[in-house]
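Engineer: Now for the letters of each chain:
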Amino acid sequence: MLAQFQASTALHWLGRQLFNRNDPAAFFDPLLERIDPLLAQQTIRARVLSVTPETADTKTFVLEPASRWQGFRAGQHIALTLDINGVRRTRTFSLSSTPAQCQKNGTVSVTVKRIKGGLVTGWMHDCLSVGDTVSVSEAFGDFEIPPVAEPALYIVGGSGITPVLSHLETMAADGFHAPVTLLYYVRTRQDVIASERLSALAGQWPALTLTIYTTDESGHSQRLSDQQLDQVPGLDARRCYLCGPEGLMDLASGLLNQRNIPEDRIHCTRFSAPTVELDSDDLGGQVQFAKSGQQAESLGDASLLDIAEASGLSPKHGCRMGICHQCSCRKTSGTVVNRLTGKTSGNGEETIQLCISVPAGTVSIDL
Amino acid sequence: MKTLNEGQLNELQQDLDQIRDQVLADLGERDARYIRKVVRLHRSLEVGGRVMMPFGFIPPVFLAATTALGLSKIIENMEIGHNVMHGQYDWMNDPSLNSQTYEWDNACGGDSWRRTHNYEHHTYTNIIGKDRDYGYDLLRLSDDTPWRPAHLFQFLNYVLLSTFFQWGVGLHELELDRLRHREVTLKEKAPFLKDFFRKGGRQAFKDYVFFPLVTAPVAPVVLAGNISANLMRNLWSSSVIFCGHFTQDAEIFTEEECEGEGKGHWYLRQMTGSSNFTGSRWVHLLSGHLSYQVEHHIFPDLPAHRYPEISEQVQAVCKKYGIHYNTGSFASQYGTVLKRIIGYSLPDRLRTRLLPEFSAAAT
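Line by line, the protein sequences are chains A and B. Counting in numbering that gives the first Met the number 0, the first sequence runs without a single skipped number right up to 366 at its last residue. Counting in numbering that gives the first Met the number 0, the second sequence runs without a single skipped number right up to 362 at its last residue.
Please note: incorrect hints may appear among the correct ones.
[Said to hold, decoys possible] Beta-carbon label-pair distances, calculated as ranges:
no., chain 1, residue 1, chain 2, residue 2, range
1, B, D176, A, T91, 50 to 56 Å
2, A, R33, B, A189, 25 to 31 Å
3, B, K129, A, T89, 48 to 54 Å
4, B, E258, A, T361, 36 to 42 Å
5, A, T89, B, E28, 14 to 20 Å
6, B, V158, A, M320, 50 to 56 Å
7, A, M320, B, D143, 23 to 29 Å
8, A, G311, B, L234, 56 to 62 Å
9, B, E258, A, G311, 53 to 59 Å
10, B, R348, A, T340, 50 to 56 Å
11, B, G6, A, T340, 22 to 28 Å
Hint data in this document are derived by calculation from the structure and do not stem from the laboratory. Don't be surprised by glycine CBs; every beta carbon is placed ideally from N, CA and C.
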């Protein structure tokens, strides 16, 4: 074991010397991916095996990750990385399939709702097809199935059903016998994702009580209410799981708090649509320098380089006019406006030039 | 130097910014596919060269292996490394093509290159005393340096610099000249030297120790091939780079001229201080498109394969403002570079008589 480890560190050291990179194995990627994209070493690649429409704006993509992918636990997410018009973009999605399926045939599913005006989800719906490859991260997240068989309540909205599908199917297959209630909120009947899988579950698994509420069906609105919660038997003893849009999550945790359900028995997975792109007028915001732990307020009148320096940091820089890229730096989240082009950046992780970038809202920089 | 008034400079800036914005708005799939294709070509050449090299005891194989490895180093340094480190592909968000982390197949460390080349050379292009790439503290290329008898040997210096170009570039940041004049201390240069020995050592280990050793029975052949490939890259890249700023018509500037300059003046200086050469698609690829040095210097962070596409627009801008667009065949441009090197090695009076084009009145 130790000998193996030493051999691999030695090999890694040698690779760094020979190929001038910290991930020497990826040196051969441009050649290997011609043979099979799944051989690439820089990232873990996954092949799209099928694309199935769920609703008008939701599709399920079945992916087969390269064999070195380590698998996942029900309720976890992965980051998907795709090249869209030459630009590498990363977004997080919950896995809607079960670990059992992954063990059986090495596949996982993501169920993706098309966000209005969303660059990545839109592209996935329009362009990502069978045979294409994407990059996947190892799974992460702690939205896990109940540790012991105890009563559970799921409050789910819209595409928040995806990690819950993984939970429920896993629990059903494990013979989870405590009562499980799923309150599923959708806009209309047509917006129910994976309705066949849900009705199959409800049919085969007696522990599950499934209620679907429509919030936007012909003038008849069934938003989450205290009365609906009253109908859940033994609510106080249940472990609660919330997954859906911010509004529903806030409402649900408020109602559960009123009922004195302890915080540690309420599990949330928050996901929200990326904020809409800002006008260049909406400049300024909170700047967080992640490595140094510094924070600063931007009024939108200074570049991130100036802000960093005013905060006592001394980032590498050169021309201060956007030419030399000495000050290029990772932005981990948030949006910036390029002072030269007036263009607004994406809100994900990417490289920016500090000297010509002005924050537009809260920005986190790897400095 | 060609002078323009403030209004013209502003207009020049707008004209060039417009070309730049057009390209930026159009960046996408095509550019990504291009650079990935070049990277694939590099990997094929390097793997091919390394695999063939041990069989180099057969003369034609030696030739093929050395050429493949030499071309791989040229393409990696010129079209990939140099351009990636300029940030030309940062927008792709691919960590393998990131300007700040890329490390090239060259004795010069990436960080040192980013400081001396991207920042110093590209910001202070051809400003005597500020742009240390102008003559590399080694060659007298203008009469701003008073002539000394030692300059008589500078052609030999030039040949040596070209032969060992990667090491010259690697040691550029040491600022030997300033060390000699005690303007900086060796202690201040210690971090740089540490990096230099690490990177230079790594490169020497790879080409001159590791690959010869693993092919022990034919080690001399592999060593000879690797030396030849490095030599090929050194001679070609130094020639390309010298053609970029030292041709007859490439202008030089004083610090006073450039004090407090705006973007328009910076553009003007980049255009008049740089020179192109013509050639086939392959010549452009192998030069990393530095054959479009003018375009590169006004837009150092646009993907280089775009330079040929915008060249006509840039020429039209030059024409509009009466700026000389300095270009010619490689032979003619390189000829004027050699003349400059030889001319300024001679005492001023002799130079003005023999090479009147390099007399003070002509420049």
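Engineer: Hints first: check each against the structure and report whether it holds.
Structural biologist: Now for the hints, and whether the structure bears them out:
For the pair D176 (chain B) and T91 (chain A), the beta carbons lie near 53 Å from each other, so the given range of 50 to 56 Å is met. The given range of 25 to 31 Å is broken by R33 (chain A) and A189 (chain B), whose C-beta atoms sit roughly 45 Å from each other. Distance hint for K129 (chain B) and T89 (chain A): a CB-CB separation of about 41 Å, inconsistent with the stated range 48 to 54 Å. In this structure, E258 (chain B) and T361 (chain A) meet the distance hint of 36 to 42 Å, their C-beta atoms being roughly 39 Å apart.
For T89 (chain A) paired with E28 (chain B), a C-beta distance near 18 Å keeps the hint of 14 to 20 Å intact. Evaluation of the 50 to 56 Å hint for V158 (chain B) and M320 (chain A) yields a failure: the beta carbon distance comes to about 37 Å. Take M320 (chain A) and D143 (chain B): their Cβ atoms lie about 26 Å apart, and the range 23 to 29 Å holds. For G311 (chain A) paired with L234 (chain B), a C-beta distance near 47 Å fails the hint of 56 to 62 Å.
Checked against the hint of 53 to 59 Å, the pair E258 (chain B) and G311 (chain A) fails, with Cβ atoms roughly 30 Å apart. Checked against the hint of 50 to 56 Å, the C-beta distance between R348 (chain B) and T340 (chain A) comes to roughly 52 Å, which is consistent with it. Taking the beta carbon of each, G6 (chain B) and T340 (chain A) are about 24 Å apart, inside 22 to 28 Å as hinted.
In summary, the numbered hints that this structure violates are 2, 3, 6, 8 and 9.
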